[in-house]
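Take a look at the letters that make up each chain.
Number of protein chains: 4
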Amino acid sequence: MSSSYGENIRLTIFGQSHSPAIGVTIEGIPAGESIDRESLQQFLNRRAPGQNAWSTARKEADRPLFVSGLKENVTCGTPLTALIENKDTRSKDYENLRHLPRPGHADYTAAVKYGGHQDYAGGGHFSGRLTAPLCIAGGICKQLLEREGITVISRIAQIGRICDWGPLNASTAEKDFPVVDDEKGVQMRESIAAARAEGDSLGGIVECAVLGLPAGLGDPMFDGMENRIARIVFGIPAVKGLEFGAGFTLATLRGSEANDGFAVENGTVVTTTNRCGGILGGITDGMPLRFRVAFKPTPSISKEQRSVDLDTMEEMLLQIEGRHDPCIVPRAVPVVEAAAAIAVYDALLQRRKEVR
Amino acid sequence: MSSSYGENIRLTIFGQSHSPAIGVTIEGIPAGESIDRESLQQFLNRRAPGQNAWSTARKEADRPLFVSGLKENVTCGTPLTALIENKDTRSKDYENLRHLPRPGHADYTAAVKYGGHQDYAGGGHFSGRLTAPLCIAGGICKQLLEREGITVISRIAQIGRICDWGPLNASTAEKDFPVVDDEKGVQMRESIAAARAEGDSLGGIVECAVLGLPAGLGDPMFDGMENRIARIVFGIPAVKGLEFGAGFTLATLRGSEANDGFAVENGTVVTTTNRCGGILGGITDGMPLRFRVAFKPTPSISKEQRSVDLDTMEEMLLQIEGRHDPCIVPRAVPVVEAAAAIAVYDALLQRRKEVR
Amino acid sequence: MSSSYGENIRLTIFGQSHSPAIGVTIEGIPAGESIDRESLQQFLNRRAPGQNAWSTARKEADRPLFVSGLKENVTCGTPLTALIENKDTRSKDYENLRHLPRPGHADYTAAVKYGGHQDYAGGGHFSGRLTAPLCIAGGICKQLLEREGITVISRIAQIGRICDWGPLNASTAEKDFPVVDDEKGVQMRESIAAARAEGDSLGGIVECAVLGLPAGLGDPMFDGMENRIARIVFGIPAVKGLEFGAGFTLATLRGSEANDGFAVENGTVVTTTNRCGGILGGITDGMPLRFRVAFKPTPSISKEQRSVDLDTMEEMLLQIEGRHDPCIVPRAVPVVEAAAAIAVYDALLQRRKEVR
Amino acid sequence: MSSSYGENIRLTIFGQSHSPAIGVTIEGIPAGESIDRESLQQFLNRRAPGQNAWSTARKEADRPLFVSGLKENVTCGTPLTALIENKDTRSKDYENLRHLPRPGHADYTAAVKYGGHQDYAGGGHFSGRLTAPLCIAGGICKQLLEREGITVISRIAQIGRICDWGPLNASTAEKDFPVVDDEKGVQMRESIAAARAEGDSLGGIVECAVLGLPAGLGDPMFDGMENRIARIVFGIPAVKGLEFGAGFTLATLRGSEANDGFAVENGTVVTTTNRCGGILGGITDGMPLRFRVAFKPTPSISKEQRSVDLDTMEEMLLQIEGRHDPCIVPRAVPVVEAAAAIAVYDALLQRRKEVR
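Residue numbers (this note's numbering), protein chains in the order written: chain A, 1 to 356; chain B, 1 to 356; chain C, 1 to 356; chain D, 1 to 356.
Bound conformation, chain A alone (with noise of 0.2 Å):
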């Protein structure tokens, strides 16, 4: 199922960008584990709208309210569903877009497949405010994974045509800009400012890294850690691309370059190098997972476009209004945390029916 993710925890995300709510649901979260509620709110501040100077202006509470599989803020087993309002919302701003689909949106490609029934205010279940609730799943997974001593960080590697080159670590990920040189990350938000301010908008490059993964995760095949991880961070609007340790660069070296040796630390395997990213053959090795994800600008700009309109059939010039974010990938930075979060505590899961 489409909006589903996950074998061992299963979560379904539903809603669309006006319907009375959105919100997701959870199986499969063991009996017994306590969520920091607090810690949570704070993680899905991270993603929320309104923030700081450099998203849109909407303002959105997204406070989760947990109707099921809760006992006093601890796991009772059985499905877990917790749901943010829809609140501020104005359909108006998107009644004239019925039939004329934004260029870099899924408004056309949803009227087809919908059969012209599908709900397209404000980008329906295709709207970047559908990672509010795949970030409660995945701010919990965080929680989940923390206990186990694994934790989950990542920092904005790239906005337009500026990169941060610096090494992610824990303590850059605590940044409110996440970056390692923070140089980089003014030029960056400089960059994000002109953009908004020509009606435009950037992409850009989130980083990701998994410490303290114990080696033994991840399945051969179509369940191998980059296969999990694929499969939920494509989910994420605007993805576009994704790599693993050294990626496409991988693709330049020699073996001899790209192989990571192994080695005994600490009376442990370890490899030399991590271009591999942490995993060979899809199962992790004990080094940190790492992985990039390429994200398009955001479609939504005030520059007028070439659009169709679907009834008529003839081809129009379209201009957007409305507040749209000039740039995702600051708020999208907790998105990819979520996401990294649950296919991981997913392949724990996994792992615990092999060890007797």
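Treat the hints with care, since some could be wrong.
Stated by the list, open to error - Selected chain A positions facing chain B (Cβ under 8 Å, derived; list incomplete):
(1) PRO101
(2) LYS113
(3) ARG231
(4) PHE244
(5) LEU253
(6) GLY255
(7) VAL269
(8) VAL308
(9) MET313
Hint data in this document are derived by calculation from the structure and do not stem from the laboratory.
From the three backbone atoms N, C-alpha and C, an ideal C-beta is built for every residue, glycine too.
Fit chains B, C and D to the known structure of chain A by using the hints.
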């Protein structure tokens, strides 16, 4: 399940490099589809080793034996199982590697995951040999798609540092060494020969396109075409990166450059460019679906490498003997096609449920 | 996942008896299907308590709130979530039962499974109240089936030792107390009243039929119509037996008595009898699909029963207070219909994939 | 997928009665489990035909060939595939049945479902022969369960009108003709012989028990132990009814008679009776899990029956020739055990995920 793929058809790949046989079971192919065995064999031959100068010298006739699911080469609606016997196996080559994991391979991670019970000979279930049954399934799906006017083509886009920039088209895909610019092809083969001479290996990039797709295939969130393709493509050994349309390049563009405007052609909505790779919101837009796959260099090299004896935990130097592809990219081309064909055919069956 | 059902539609039921809400998420309903809310409410009312003299006195308005998946009461193709708020809950009634499991209930097994973290109030996720969201999903499926000419009907076949032998038909199914022989219905209600007066309870049998089914629905082996219906019907609390067609009676017949001969009627193949319940090899044969479901007596009785204090491991006598149905069979009738409708609609979507 | 079962292990059964081979692929068995091949063969022999006087005269050595998943008879963690070659097949026997469906068989429904492309020879994928690979998977699961102290036993409870009322225990299960009261066994075999002599057939009931189960296995709603067992048991050809514990009899009891009181025995909670069949709320309570399965009479009888020529739509009389079991119940006994073992082992792996 890790060695299974698909929601509407489901294939399960079984076998180890040196087990009596490898094979695939495919459920869900509708009854009444004839399988062109000769055309399937030609497709399998494109992947088979020993076909040419730039791949391994092993000769394996990848001749599938269909033990179920067919009645006189026509599907009868029940699970289709095909086997390929393993004949030319020299398990001795691998005996000394039992405790000495090869860098870049799954030897170490499999040893951890399976607690020492893994079938290490020839890489076991992680061997590239297991792409043969994937190609059986994919070759069948290719035939089924062609009956609906859908073609899957692919080519070598890069080997090591040699890039072939020309646009992929059907005539390129038919070449023995599928590149647009044959001069580049010569250079690629020279660089492979050079790497082999030095006991080293090369990686590269395969580009794939699916032509003739209707708009409306694929589903939101986790079953988008990107997710579906990603889940299977990362199941091909050595794949470390995947991008759709302009992929990672999109991160550097502005929205006004990245968005594909809509226009009308022959009464149909088209996009004026195709930077999204034919996918918006996970759903096909009717333009060619395009993606690129990064392969790391073959990890089996004869150069000395660092390893660890897993029994004694002593650091060791390892030199791999045996017959290995210095570059698997040429043989990977049909494998990527097979993966794409399976993903697309599965989405096509999904689509049938939506339309009364 | 345990609280989920279906391959082509998938519903997930969430909530506990006393959580803020209960509800259901349904994925996979094609876009463009209008939901008749009034007709759905009437269906839900058949299950709701407090409707009549022979069921519990609790009054719960089972009014679903649709928070996603609809646009003006028409499905928009994405997950449909409906909630029912829990209002009339008296958790106090259950507090003293925390360590003292009620015989015949899931109290003890849930305590073991969830390590003491189960939500015990009102039976938690195991409560019969969770059949309300099942009826939301089933009521919707009933409407979708009716558009294809398929009707699901059911009746009370037995309560305690009173059997209603007449054949099930549509007019019986419409009765308030759906029995063929109303005199038997009077006796059944008398026996329920008698059991209630003695602080005891009764079980019974519900018979269900699906009319208007095409031949060819259902799949071999584990997705036969029997398997599909069984998996959902045994999810209804208190169900302990299930038989199709002549069911257990078939064990006593000879093949010549049990086989349904084929004949032609109005140009269509029919069977001259229907002892197989309309299913051969898991696949519908075009005759009415018939099955019978055995319900055990409501386990909540006010008679004194043996239990064990799980904290002290002391044997105790337990007397249950509170408001309970002396016989849930009448209210179970629409629940069985709902389950059947879901199973059949899921099979119907599956069938669409097979026919080009 | 219809020929697949299981969430934590997943088995897929393939093959037709007269295809080159039949077999099973099993995913998810943890690595390091040794398979006792001899003991497995003995289990398979219990199902094989031609073992005794009361079954068909065909002789098929059901000798599985393991082509993957084992390394020296120890599971290596990847998919395990076993084949049984089809040797003694007389397709000619069935040729005249192509258009003339046998009453009680899947011939007609398969013809409709597969649009005439079904493999009709010998019943194709619907043949009882396909219970052989089910027994391979089940025989392996039985061994795995025995290592955890869990035993699956079963017996003949009824054949035609002859009932064996005594309680099932381990010594009964070991008999060649597993009934408690051997005198009843004699009568059963006499009634089978009588039916055979008259060209007719008999059905019956198999009772199964799982001993040594811990409390806490199974899940709420649709993955309860009843649901799990039902989904696989109804996949055995000819099964038309299933009841747990006192089953249909519970419909006639009062709650005070049906509820199993709790008590303490050797420091453990037990129930004083076991009318629920060891399952409450879908979860095991630590008492023996008990269920009964109703088989219809073998549909293949040599008496003349009514059929319809599907080509001409003419009503015809049909007389079936060939070798057929007059009663499959004795051979079904190990098949029911196999099904139960698979369901229970799958639930056991599920349970491991819940306990840290």
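We went through each hint and held it up to the structure:
1. Nearest Cβ of chain B to the Cβ of PRO101/A: about 6 Å, under the 8 Å cut. The hint holds.
2. For LYS113/A, the interface hint holds, the least distance from its beta-carbon to any beta-carbon of chain B being 4 Å, beneath 8 Å.
3. Taking 8 Å as the C-beta cut-off, the interface hint given for ARG231/A holds, the closest approach to chain B being about 5 Å.
4. Among the interface hints, the one on PHE244/A holds; its C-beta lies about 5 Å from the nearest C-beta in chain B, closer than the 8 Å criterion.
5. Taking 8 Å as the C-beta cut-off, the interface hint given for LEU253/A holds, the closest approach to chain B being about 6 Å.
6. Annotation: GLY255/A was flagged as interfacial toward chain B, and the flag holds, the nearest CB pair being 4 Å apart, inside 8 Å.
7. Taking 8 Å as the C-beta cut-off, the interface hint given for VAL269/A holds, the closest approach to chain B being about 5 Å.
8. A distance limit of 8 Å between C-beta atoms decides the matter here; for VAL308/A the minimum to chain B is near 4 Å, and the interface restraint holds.
9. Hint status for MET313/A: holds, given a least beta-carbon distance of 6 Å to chain B, under 8 Å.
No hint from the list above goes unmet by this structure.
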